[in-house]
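So the sequences go chain by chain: A and B. Using numbering that gives the first Met the number 0, read the first sequence as starting at 0 and increasing by one per residue. Using numbering that gives the first Met the number 0, read the second sequence as starting at 0 and increasing by one per residue.
These are calculated hints, taken from the structure and not from any lab test. We put the beta carbon where it would ideally sit given N, CA and C, even for glycine. A few of these clues could be false.
[As the list claims (entries may be wrong)] Between beta-carbon pairs, the in silico distance windows are:
(1) B:Gly489 to A:Gly578: 25 to 33 Å
(2) B:Asn587 to A:Asp90: 27 to 35 Å
(3) B:Ser113 to A:Lys309: 46 to 54 Å
There are 2 protein chains.
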Amino acid sequence: MTTIASAQLPELLQQKADQLRIHSIRATTKAGSGHPTSCCSAADIVATLFFSVMRFDPKNPRNPDNDRFILSKGHAAPLLYAAWAEAGLFDPQQLLELRTLESDLEGHPTPRLSFVDMATGSLGQGLSVGVGIALNNKYLDKSPARTYVVLGDGESVEGSVWEASDLARHFQLDNLCGIVDINRLGQSDPTMLEHNLKSYQARWEGFGWHTICVDGHNHAELLKAFATAAQTSGKPTMILAKTFKGKGISFAEDHPSWHGKPLNAQQAEEAIAALNGSHTSPSPTFSIAPPQPVKRAKSAIQPLPAPTYKPADSVATREAFGDALAKLGEVNPLVVVLDADVKNSTYTDKFGKRFSDRFFESFIAEQNMVGAATGLAACGKIPFVATFACFLTRAYDFIRMAAISQSNIKLMGSHVGVSIGEDGPSQMGLEDLAMMAAQPGVVVLYPSDGMCAYRLVETMANHKGMVYMRTGRPKTPMLYGPEEPFPIGGSKVLRQSAKDQLTIVAAGVTVFEALKAYDELQTAGIAVRIIDLYSVVPIDVATLQQAAKATNNRLLTVEDHYLHGGIGDSVLGALAGDGVRLTKMGINQIPHSGKPDQLLDHYGISARAIVEKIKQLV
Amino acid sequence: MTTIASAQLPELLQQKADQLRIHSIRATTKAGSGHPTSCCSAADIVATLFFSVMRFDPKNPRNPDNDRFILSKGHAAPLLYAAWAEAGLFDPQQLLELRTLESDLEGHPTPRLSFVDMATGSLGQGLSVGVGIALNNKYLDKSPARTYVVLGDGESVEGSVWEASDLARHFQLDNLCGIVDINRLGQSDPTMLEHNLKSYQARWEGFGWHTICVDGHNHAELLKAFATAAQTSGKPTMILAKTFKGKGISFAEDHPSWHGKPLNAQQAEEAIAALNGSHTSPSPTFSIAPPQPVKRAKSAIQPLPAPTYKPADSVATREAFGDALAKLGEVNPLVVVLDADVKNSTYTDKFGKRFSDRFFESFIAEQNMVGAATGLAACGKIPFVATFACFLTRAYDFIRMAAISQSNIKLMGSHVGVSIGEDGPSQMGLEDLAMMAAQPGVVVLYPSDGMCAYRLVETMANHKGMVYMRTGRPKTPMLYGPEEPFPIGGSKVLRQSAKDQLTIVAAGVTVFEALKAYDELQTAGIAVRIIDLYSVVPIDVATLQQAAKATNNRLLTVEDHYLHGGIGDSVLGALAGDGVRLTKMGINQIPHSGKPDQLLDHYGISARAIVEKIKQLV
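Bound-form chain A, shown alone:
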């Protein structure tokens, strides 16, 4: 894919690789921190990919027809930046702004840069992103574009890598090619398998991949391996590249004490002189092969039809989610769905049965599921990811990195709280609000009835950015009509009067407990206001402030969530400056198995408990 005669190619790529090394050394020395030796081990791999293997538009990294490159070992960021600069995207002089507040050439890559699909730097995540992109190209866009992921050897112990490995094989992603940069040295010690390539090969072959072992500093071997990978059908290829950390820096090469350390000015000069000295001709110019354009149908998005539930129906919010998702599939062709073998509990099977081409069963591997979703989102799709809320904790680091990337993924966690009942604490999502609301920019929704859950699914799809929806296991009655709007950042005042002595803020199952408490309190002559806080983040500050003011600055939050980081803290956060008095009710201990109603009462979030508490308070 280059105009340079192939006999010359390895030497010219060597020269380019050394240029990338020089940039990496210079930038990290200037910054005073960073990982030049981790750049140097992968420089030949990256030079070969960028200047002789990948087809892409170096002036437009967002061109969807491009071959994609993911640097899973994100600490080698300077190498990635150097490759794009050398490809012509920006002036190589800018590389010297590495790691400054003023430049988006950060310590680890983030999608603030046009050529980064997902932030990396938390190890073991890149291959999952690659799986998502490869799924998109193979099954959705039917594009010949290939996806390349460079992994570190140290990160190969991360379980998420093997989840991605399993799914890539399962989906026969022959358009995906990984390269493990086996440089033998971790941060604090040699890696587990050091240069034992056979052990790496046994693992990847065992997982059903096509594997090729190469000298990762030999451009001819690398070129051949990439060509073989491109011709391999039915399975993904992993190239196992034996490399040396610090390759090209004589005094640092293969040396265990050189992890994450920049060279000082003199060392840098010496290393750069040696790298330059090994080439006599001027730096080569490569013509990068253009991408192969694919026709993509325009995506005409129609509004979601109204829900068809009747006022007397009872439906679990998880099921309403599933109902809406299936309908959304009809009106929004960008929506794709991933589930972790619980589709008959989250009801994503309703979508899956109708749109099997846009449904990816992701098996019990939540990390890869979230990572693959971010890859799909990087291709312009709107991925919905569903599992039990408690099992999203499994993917929290992926969720964190997705938030850093401001990825357009939609997460749904079902079976929240003690109201699931008999299955016990391991199956109860009780920290999901805390973990999702902590991440800046993530919208957190918590519908109480089927109408609201249904409507919010469309809102999730149309909102640009990450959204989390929390749903419950038990069936709940209808609170709202089919045309009720539920804007992000809103809330619903369900009960109010001029004589309210206190405001109850609830969401999900506790709304119904609050409503029952209301009736009982009425008979006792106590008037309270009730707010359904379906949007936890952003929160409806105005309505909460108004309610606080009208009810003697006295509030009670009640939630089927642990006490820290849930609705109570969100409301407190909104009203912290106003001097309100707020009482939080929630789950304050590790719960037990039992019947749902029994547990609501036992853990103090039932109507009875609310009535009792309010009688103490007012």
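Given chain A, put chain B in place with the hints provided.
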């Protein structure tokens, strides 16, 4: 290991296995929920282990010399309960109390039961617990006791299983034997590999394990496999058992629609009659082989010597943690340490160099690291687990399950907040307080200076239960003397006067920003109180209330953490009922790379920002 003649053994084990099936069916039918078919596939494996392979004291499951059994596929809990009942620990009649609030025979196993080492039910975690127990027996207690882990096939996709696999091989855990119950059917669909045993074998062999494929319903094959495993040295064994879900229940066997469903009364009767009908003799009595006692040295624990820092020293809290840990190793022989290839950043290498026999390098596999720690804790050790705080998000589901289990593990997360600087957001722990404080019963500590960090390490070890300590990257000056006490639940008032107009609550680096702000505010004639909140959970309510009262009910929290779920919310939670006015300062967006001081200021938590905010407020 049984007195029964070996020729009869398979048939007698078959009878015992069917008895376990009957118990499982009966209990789940009575409960009206549960997973009888998942019990039935593993019944022969469990019967063989409990009644003919394992050496243990059936009346004392906590005997440290026992062979250990972990049911990683926790949803088959009734089978586990039935095995212990049949072994004689309790009356089988109690099995009918399954899944009720009144019985600890919960939907999934928790250590509320004497025979459960760690809660399971979040899939893919049991093998890591087994790794921890096997590490303890092989390297610490030098015990011949063996550890058995029954895994499901569906959970084999979880990456954590492969982390455990890698570490078990690395540590040559030949005292560990796993069994995959390959029953072909997941919850919502067939598993990825169905009955393709060769593919399972390729994976486990690829990861360096000894593997044996068996018919999981053939007791003779199972007995032989366990015997072979016990004779295999230098590597762990994985037995790959082909089974059928619902085995023994004719109408449910190998049937995809029978996941997680109890039989109705009539179906149960029919199934039980058939199971009983296949045996003519009375239920056999097995004499279980007793454990092999090992002499364990008494652990004499001495107090930690005082820190030796000088008043003018600067030390990072992470380094003080490392200093203390190394000293703690001398005075507390129960302390063991695990790190994920960042020991030269968390300073656990100081311990590792001196106590290499009690230091387990866990490589870049945080889930297994936490899981193995819980296994070590289940053996009476006090495991300290250290990595960057942000990478503990990777293990959040393991942390959640450890909290459910009230495991005695100690977690340390370093490199918190934007004050790490140039590495950028992927390396910054900014949600660790939210995720740790959400879990009931977890103590959360956040020292500001080296003296406090050092002292708290001993406190962590001596506290019975989970503790998390948050530490910083930058060096900070000494605030306290070497004899200062730091009880859990305390705080330190660093500045106060009768004229204080506001209380600043801070911890970690922001304490020093607050102190700088104090000086500047003094010159502007504004007096403020400063509290160092080194114990975030439990929180020092009395001191906070007193400070609020003394400072016009006006507080400011400032933290190097995202705004939701951190110190601000903890203080709000403590004072919610009191009508205080509190302003939270923290990180309210995804941060960028930059210099530490520059970032503190840019994101509004510097002394300058504090002064500015307070001038607005008072």
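Comparing the hints with the structure gives:
The hinted window of 25 to 33 Å between Gly489 of chain B and Gly578 of chain A holds, with their beta carbons roughly 27 Å apart. Restraint check, Asn587 of chain B to Asp90 of chain A: a C-beta distance of roughly 33 Å satisfies the suggested window 27 to 35 Å. Between Ser113 of chain B and Lys309 of chain A the C-beta distance comes to about 51 Å, which sits within the given range of 46 to 54 Å.
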